[in-house]
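J.: Model the full structure from these sequences, guided by the hints.
Respectively, the protein sequence lines represent chains A and B. The first sequence begins at 1 in the UniProt record's numbering and counts up one residue at a time. The second sequence begins at 1 in the UniProt record's numbering and counts up one residue at a time.
To be clear, the hints were calculated from the coordinates, so they are not data collected in a lab. Computed from a prediction, not measured in an experiment: that's the story for all the values here. Note that beta-carbon positions come from the ideal geometry of N, C-alpha and C, so glycine has one too. Incorrect hints may appear among the rest.
If you anchor each label on the Cβ, the simulated ranges turn out as follows [claimed, not checked]:
#1 B:P125 x A:F22: 53 to 61 Å
#2 B:G107 x A:G60: 28 to 36 Å
#3 B:S109 x A:V73: 38 to 46 Å
#4 B:T232 x A:A187: 29 to 37 Å
#5 A:S254 x B:E182: 33 to 41 Å
Below, a list of computed lysine-lysine pairs in the BS3-like style, where the Cα atoms sit at most 25 Å apart [claimed, not checked]:
#6 B:K151 x B:K128
#7 B:K17 x A:K180
#8 B:K166 x B:K151
#9 A:K180 x B:K177
#10 A:K161 x A:K180
#11 A:K161 x B:K177
#12 B:K166 x B:K106
#13 B:K151 x B:K177
#14 A:K161 x B:K17
#15 B:K106 x A:K180
#16 A:K98 x A:K161
#17 B:K166 x B:K177
These stretches of chain A come out as covered by chain B in the derived footprint (C-beta under 8 Å, 3 or more residues) [what the hints assert, rightly or not]:
#18 24 to 34
#19 248 to 254
One letter stands for each residue in the lines below.
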Amino acid sequence: MIRAPAFLSGLGRFYIGLVLAFLYLPLVIMAAMSFNVSPFYQLPFEGTTEWYVALAQNDGLIDATINSLEIAVLTTIIATALGTAASLALFRYDFAGKRILQALLFPPIAIPWLISGTAMLIFFFGTGIGRGLHAILLGHVALALPYVIIVVSARLATFSKDLEDAAASLGATGWQTTRKVTLPCIAPGIVAGGLFAFAVSFDQFVVSYFLATPGQTTLPVEIYAAIRKGFTPEINAVSTIIIVFSMSLMLVVSRFFRFGGDQ
Amino acid sequence: MARVEVQNVSLTFGAHKAVDDVSIAFEDGGFYALLGPSGSGKTTLLRMIAGFEFPDAGSIRIDGEAVENVPVNRRRIGMVFQNYALFPNMSVEGNVAFGLEVRGEKGESVRRAVAEALELVQLGPLAKRRPHQLSGGQRQRVALARAIVTKPRVLLLDEPLSALDKALRTDMQVELKRIQREVGVTTIFVTHDQDEALSISDRIGILKDGRIVQEGAPEDIYDRPASEFAATFLGDANILTGVVRDGSLRLDGGTAIDLPAGSGDVPGELRCAIRPERVRISQSMPVTGAAGEPPEHMRGVVTRRLFSGSASTYFIDCSGREMKAIVQRGGDADMAVGSPVCVHWNADDLIPLSAGDGRD
Chain A
1 MIRAPAFLSG
11 LGRFYIGLVL
21 AFLYLPLVIM
31 AAMSFNVSPF
41 YQLPFEGTTE
51 WYVALAQNDG
61 LIDATINSLE
71 IAVLTTIIAT
81 ALGTAASLAL
91 FRYDFAGKRI
101 LQALLFPPIA
111 IPWLISGTAM
121 LIFFFGTGIG
131 RGLHAILLGH
141 VALALPYVII
151 VVSARLATFS
161 KDLEDAAASL
171 GATGWQTTRK
181 VTLPCIAPGI
191 VAGGLFAFAV
201 SFDQFVVSYF
211 LATPGQTTLP
221 VEIYAAIRKG
231 FTPEINAVST
241 IIIVFSMSLM
251 LVVSRFFRFG
261 GDQ
Chain B
1 MARVEVQNVS
11 LTFGAHKAVD
21 DVSIAFEDGG
31 FYALLGPSGS
41 GKTTLLRMIA
51 GFEFPDAGSI
61 RIDGEAVENV
71 PVNRRRIGMV
81 FQNYALFPNM
91 SVEGNVAFGL
101 EVRGEKGESV
111 RRAVAEALEL
121 VQLGPLAKRR
131 PHQLSGGQRQ
141 RVALARAIVT
151 KPRVLLLDEP
161 LSALDKALRT
171 DMQVELKRIQ
181 REVGVTTIFV
191 THDQDEALSI
201 SDRIGILKDG
211 RIVQEGAPED
221 IYDRPASEFA
231 ATFLGDANIL
241 TGVVRDGSLR
251 LDGGTAIDLP
261 AGSGDVPGEL
271 RCAIRPERVR
281 ISQSMPVTGA
291 AGEPPEHMRG
301 VVTRRLFSGS
311 ASTYFIDCSG
321 REMKAIVQRG
331 GDADMAVGSP
341 VCVHWNADDL
351 IPLSAGDGRD
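T.: This is the structure in structure tokens:
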């Protein structure tokens, strides 16, 4: 380790503090205000849980939360399964059009969601798929798939094909090799890809907004609608719950799989 | 255990003939080395015997059964890879048990077979470790135990020692030889290291450009290489080119040298090899015809001397032709660089070579 001069080290700490404050201060204030009596962010702070009680009675927000979770979980499962299978196929086989297919995987990530959403709306309308939760699920899977393939493929790039050859030489069938050798070795990549899929779906506003029908909607769309009608501290409450939930999930998973460090 | 027979096998990648009409038989229980420079097709040949590549033409038989279209997982072979290819998600034990478990074996019989295999490679105490906690030599042993625990018909080794340092490699060669003897499995070993091939195998097949240029026992190939390539790839050699006339070889500079009996009969161009350790040098001209003294053939000047402990290698300039001579230490005093010397050898040590390798 190279030791930085004292003043630089101090500057560095100040800088890290600034970054963390920038990232977390709004969240902390929001969480604090969800426990504040005043609905208008007025100080002094007076503790209460009345907004959480109100939230429990707000069927619209609760339904939307359940919808969001269902769609996010299903998107995660479907996109991770399809994306992992696609990554394995790209890793193992050479076929006509493989390079073109790989090249076409990246651009959707760069296409603004507003445009993807519009295109999906027109396409789903034209093909009779229509709008609704099923359309939202379909759209989310399509959006999440490239992320899963890219993350899992990156993990596969560090996986030696010799391991599959070794398994085959020992008599393992293709499926035995995949299940006992390949999948366990790339598990961290699959989990990371699944987290991306979950985040893409759970965070998704634009595409969901276009594909939702009134009464059948997701949490981000419902929050947006609620804010337009008039802000209520229940939004702070539901947001706080989600922040705690998401951050715990990320912490647990990253601890478990030790991202960023070699096992 | 089985006999492996490769007949007229070819494999082409695009425009490149990786293996070109190769026929070779590996006898039951033998230890074979496939030796060749990189790109000679030795690994491709091994991968075809394993079942990772399928020949365009020709047949491969294991124990009389044609296997050239059988996929690798049904060939009942064992293979050790250059980088060991141990499963990082399993313990040493798990790695060795894998081949038995995928066959549906379970319980006590697996445990016993795994313990036995680990015993054989002397790794019993490390059974619970993970591959990344082992040294290179230990990983090598695990890979070997994993490959032989399933009692394969043939054991294939793809440059398994090339990742080890020199001292460990020598130990592992001895170890590998011992284990192969104990198990008695037909073994095919791919290497580009000539010393390894010479010291470890019962027979060597030398490959060049996808063809087998010579096959035989290590001593035979070393003593009687058929081509210049075999002579210089397996060991070191001085190559002398000339024309046969009146039973002797006239070199390009005009010097005439004696040929071994029987090889000067056909007139025309001839290339001969002589091993550096068969070449002798002395300061004064030996008495021709004296007992134990070979006749003089050339005179030259020492240009370089490489000292390697037990022996010295001299490079001698004989009117433009460089000759190498290896002299064991002891006996004669060392020759200094620049000193004039006589270069001589027994005519019987001269090895006539075939015109080429069939292809040059």
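J.: Quick check: does the Cβ-Cβ distance between S109 (chain B) and V73 (chain A) fall within 38 to 46 Å?
T.: For S109 (chain B) and V73 (chain A) the Cβ distance comes to about 43 Å; the hint holds.
J.: Is the distance from the Cβ of T232 (chain B) to the Cβ of A187 (chain A) consistent with 29 to 37 Å?
T.: violated (51 Å)
J.: Holds or violated: K166 (chain B) with K177 (chain B), Cα cutoff 25 Å?
T.: This hinted pair holds, its Cα atoms lying about 17 Å apart.
J.: Is K106 (chain B) close enough to K180 (chain A), meaning Cα to Cα at most 25 Å?
T.: Roughly 16 Å between the alpha carbons, so the hint for K106 (chain B) and K180 (chain A) holds.
J.: Does the alpha-carbon distance linking K166 (chain B) and K151 (chain B) stay inside the 25 Å limit?
T.: violated (30 Å)
J.: Against the 25 Å threshold, does the CA-CA distance of K180 (chain A) and K177 (chain B) hold or violate the hint?
T.: violated (32 Å)
J.: For the pair supplied as a hint, K161 (chain A) and K17 (chain B), is the alpha-carbon distance within the 25 Å limit?
T.: Holds. K161 (chain A) to K17 (chain B) sits at ~24 Å (cutoff 25 Å).
J.: Confirm or reject the claim that P125 (chain B) and F22 (chain A) have a C-beta distance inside 53 to 61 Å.
T.: With a Cβ separation near 54 Å, P125 (chain B) and F22 (chain A) satisfy 53 to 61 Å, so the hint holds.
J.: Take the C-alpha atoms of K151 (chain B) and K177 (chain B), compute the straight-line distance between them, and say whether it is at most 25 Å.
T.: At roughly 17 Å apart (the allowed maximum being 25 Å), K177 (chain B) and K151 (chain B) satisfy the hint.
J.: Are at least 3 residues of the stretch 248 to 254 of chain A within less than 8 Å of chain B when you compare beta carbons?
T.: Violated, because only 0 residues of the stretch 248 to 254 of chain A bring their Cβ atoms closer than 8 Å to Cβ atoms of chain B.
J.: Regarding the pair K161 (chain A) and K177 (chain B), is the alpha-carbon distance no greater than 25 Å?
T.: violated (28 Å)
J.: Has the given pair, K161 (chain A) with K180 (chain A), been kept, meaning a C-alpha gap of at most 25 Å?
T.: holds (14 Å)
The structure does not agree with the numbered hints 2, 4, 5, 7, 8, 9, 11, 12, 18 and 19 stated previously, though it agrees with the rest.
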